[in-house]
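Peer 1: Sequence:
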Amino acid sequence: MVELNPIFARPGEATELPKFDFPPGESLPETAYQIVHDEAMLDGNARLNLATFVGTWMDDHASRLMSEAADKNMIDKDEYPQTAAVETRCWTMLADLWHAPDHEHTIGTSTIGSSEAAMLGGLALKRRWQAARRAEGKSTDRPNLVLSTAVQVCWEKFCNYFEVEARYVPISLEHKVLDGYDLESYVDENTIGVVAIMGVTYTGMYEPVTQIAEALDRIQESTGLDVKIHVDGASGAMIAPFIQPDLAWDFRVERVASINTSGHKYGLVYPGLGWVVWRDLESLPEDLIFRVSYLGGDMPTFALNFSRPGSQVLLQYYMFLRLGRTGYTAVQENSRNVALYLSGEIAKMPAFELWNDGSDIPVFAWSLREGHTENWNLYHLSDRLRTKGWLVPAYPMPADLPDLTVQRIVVRNGFSHDLASSFLADLRDEVAYLDALTGPMPTEGQKSGFHH
1 MVELNPIFAR PGEATELPKF DFPPGESLPE TAYQIVHDEA MLDGNARLNL ATFVGTWMDD
61 HASRLMSEAA DKNMIDKDEY PQTAAVETRC WTMLADLWHA PDHEHTIGTS TIGSSEAAML
121 GGLALKRRWQ AARRAEGKST DRPNLVLSTA VQVCWEKFCN YFEVEARYVP ISLEHKVLDG
181 YDLESYVDEN TIGVVAIMGV TYTGMYEPVT QIAEALDRIQ ESTGLDVKIH VDGASGAMIA
241 PFIQPDLAWD FRVERVASIN TSGHKYGLVY PGLGWVVWRD LESLPEDLIF RVSYLGGDMP
301 TFALNFSRPG SQVLLQYYMF LRLGRTGYTA VQENSRNVAL YLSGEIAKMP AFELWNDGSD
361 IPVFAWSLRE GHTENWNLYH LSDRLRTKGW LVPAYPMPAD LPDLTVQRIV VRNGFSHDLA
421 SSFLADLRDE VAYLDALTGP MPTEGQKSGF HH
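Under full-length UniProt numbering, the residues of the sequence shown are numbered 1 to 452, in order.
Please keep in mind that the hints were generated in silico from the structure rather than gathered at the bench. Only a predicted model underlies this, so the values are computations on that prediction, with no experimental measurement involved. Some hints could be false.
As the list claims (entries may be wrong) - Only pairs whose alpha carbons sit at most 20 Å apart, straight line, appear in this in silico EDC-like list of lysine to aspartate or glutamate:
1) Lys157 - Asp182
2) Lys176 - Asp141
3) Lys388 - Asp435
4) Lys176 - Asp400
5) Lys138 - Glu30
6) Lys176 - Glu214
7) Lys138 - Asp188
8) Lys176 - Glu370
9) Lys388 - Asp418
10) Lys388 - Asp43
11) Lys176 - Asp403
12) Lys176 - Glu353
13) Lys19 - Asp43
14) Lys388 - Asp357
15) Lys138 - Glu165
16) Lys19 - Glu39
17) Lys176 - Glu189
18) Lys157 - Glu214
19) Lys138 - Glu163
20) Lys348 - Asp426
21) Lys388 - Asp426
22) Lys348 - Asp403
23) Lys348 - Asp435
24) Lys19 - Asp38
25) Lys138 - Glu189
26) Lys176 - Asp43
Using the sequences plus the hints, can you model the full thing?
Peer 2: This is the structure:
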């Protein structure tokens with residue numbers, strides 16, 4: 001008779017299903033489903049999460065494809081050769097989009113996300129540097145990588161995990177991104193490369209790749225050091241080709257050896273997909289490629305992960321076919337227009353001062369205007385907005401600007417002009433509430449909700 005009882009009235013439903021011990025017996029699929037469904041229901045609404053870069057909306061056709069391909073293992077190219085062929089088509093299309101000299105004869109791969117892709121780019125830089133040093137009879141001890149202090153945390157992991165010294169160039173109010181200034185103080189014979197970010201996680205600003213390359217040209221002229229660039233285009237590599245097509249940041253810049261991006265950010269795919277592409281075959285050292293026998297086939301692999309979903313790769317191909325250049329341009333331009341609308345309205349509010357306006361990637365940050373109030377800060381505002389369902393992080397800038405706290409909005413596909421207007425109404429209401437306080441809000445235990 002259990003099957004006939006309503007789900008929430010079944011005997012034992014509330015008391016006999018453990019949370020931390022392995023269940024001793026079975027439960028009905030309807031009961032297990034409802035419990036998991038209700039647990040997930042307590043999460044925030046992904047569409048209202050203005051903190052994340054990761055895609056939170058795809059159309060119904062994409063959802064069908066994802067369900068149909070959920071059982072495909074991307075690494076098993078012998079069993080799923082067509083999915084493997086689609087993967088090759090996708091990174092070849094990206095090589096074309098990023099102006100590789102011969103996009104049909106270069107090399108790339110899909111990854112779980114842009115963090116894995118970035119690490120593969122970093123590893124290739126390290127191996128190329130090691131090979132060059134050995135050829136000259138020099139030591140390969142103490143490799144270093146030059147990058148901004150505003151770099152994404154995956155680069156800190158790369159340097160830690162793969163024993164590379166991280167040389168951080170500080171950002172400042174005068175140099176808001178790594179722009180080539182004073183680069184000669186950080187580059188030496190042990191430098192494996194420089195990371196340039198197309199869309200800094202903290203603020204969304206582009207680092208000027210051409211300007212960085214010019215600084216490295218001057219360094220080579222004076223020292224003979226030929227240092228390559230890896231572009232971390234986690235976000236911007238899927239924005240710039242469409243809405244800033246004349247901006248030279250990709251393989252048009254000769255020093256750029258590799259580029260990574262997130263398919264699951266402005267590639268417009270659900271979470272779990274990254275890409276990395278090298279300028280040419282010579283840019284990826286052969287010793288990073290493994291050829292393994294797997295399920296009856298011989299296949300090359302140079303990912304850090306092994307088994308992983310094939311569905312996201314098919315979703316990326318779907319989006320490329322579905323949108324093409326004109327469609328991606330329309331989507332990214334709309335996101336930027338919404339970002340510019342939001343930043344323009346926030347700039348008009350006396351409480352705030354913009355750090356940037358979202359004209360690079362559709363991401364922008366603002367700080368509390370100095371002297372506006374002593375009664376509240378951006379952490380309080382973030383908490384107030386959360387009560388309305390909006391997730392808008394407040395966080396300190398990198399170590400060079402530790403006293404500067406900002407809030408950031410990421411505009412993604414699916415965040416419409418109408419939703420933006422609703423957010424602004426709630427923002428104004430909460431600022432008015434906080435401004436009306438007659439005494440200071442407590443600050444004990446405040447911490448950043450920002451995990452970049």
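Peer 1: Taking the hints in turn, state whether each one holds.
Peer 2: For each hint, the structure was consulted:
Restraint check for Lys157 and Asp182: not satisfied, since their Cα atoms lie roughly 25 Å apart, outside the 20 Å limit. The straight-line distance between the Cα atoms of Lys176 and Asp141 is roughly 32 Å, outside the 20 Å bound, and the hint therefore fails. For a cut-off of 20 Å, the pair hint linking Lys388 to Asp435 stands: about 18 Å separates their Cα positions. With a C-alpha separation of about 11 Å, the suggested pair Lys176 and Asp400 falls inside the 20 Å cut-off, and the hint holds.
The suggested pairing of Lys138 with Glu30 is violated, with an alpha-carbon distance near 65 Å, which exceeds 20 Å. A hinted pair counts as satisfied when its Cα atoms are at most 20 Å apart, and Lys176 with Glu214 qualifies at roughly 18 Å. Straight-line distance between C-alpha atoms of Lys138 and Asp188 comes to about 14 Å, which keeps the hinted pair within the 20 Å bound. At roughly 19 Å between alpha-carbon atoms, Lys176 and Glu370 fall within 20 Å of each other, so this suggested pair holds.
A threshold of 20 Å between alpha carbons decides the hint, and for Lys388 with Asp418 the separation of about 16 Å falls inside it, so the pair holds. Among the hinted pairs, Lys388 with Asp43 is consistent with the structure: their alpha-carbon atoms are about 14 Å apart, no more than 20 Å. Only pairs whose Cα atoms come within 20 Å are accepted, and Lys176 paired with Asp403 is accepted, the gap being roughly 15 Å. For the proposed pair Lys176 and Glu353, the alpha carbon gap of about 15 Å is at most 20 Å, so the pair holds.
Only pairs whose Cα atoms come within 20 Å are accepted, and Lys19 paired with Asp43 is accepted, the gap being roughly 17 Å. Using a Cα cut-off of 20 Å, the hinted pair Lys388 and Asp357 is violated, with the two alpha carbons roughly 24 Å apart. Of the pairs offered as hints, the one joining Lys138 and Glu165 holds, with about 18 Å between alpha carbons and a cut-off of 20 Å not exceeded. Our distance criterion of 20 Å between C-alpha atoms is met by Lys19 and Glu39, whose separation comes to about 11 Å.
A threshold of 20 Å between alpha carbons decides the hint, and for Lys176 with Glu189 the separation of about 27 Å lies outside it, so the pair is violated. A distance of roughly 28 Å separates the Cα atoms of Lys157 and Glu214; the hinted pair therefore is violated under the 20 Å criterion. Taking the CA atoms of Lys138 and Glu163, the gap is about 18 Å. The hint holds against a cut of 20 Å. About 15 Å separates the Cα atoms of Lys348 and Asp426, which keeps this hinted pair within 20 Å; it holds.
Among the hinted pairs, Lys388 with Asp426 is consistent with the structure: their alpha-carbon atoms are about 7 Å apart, no more than 20 Å. Note on Lys348 and Asp403: the hinted pairing is violated, with a Cα-Cα distance of about 23 Å set against a maximum of 20 Å. For the suggested pair Lys348 and Asp435, the alpha carbons sit about 16 Å apart, so the restraint of at most 20 Å is met. The suggested pairing of Lys19 with Asp38 holds, with an alpha-carbon distance near 14 Å, which does not exceed 20 Å.
Straight-line distance between C-alpha atoms of Lys138 and Glu189 comes to about 10 Å, which keeps the hinted pair within the 20 Å bound. Note on Lys176 and Asp43: the hinted pairing is violated, with a Cα-Cα distance of about 34 Å set against a maximum of 20 Å.
Of the numbered hints listed earlier, those contradicted by the structure are 1, 2, 5, 14, 17, 18, 22 and 26.
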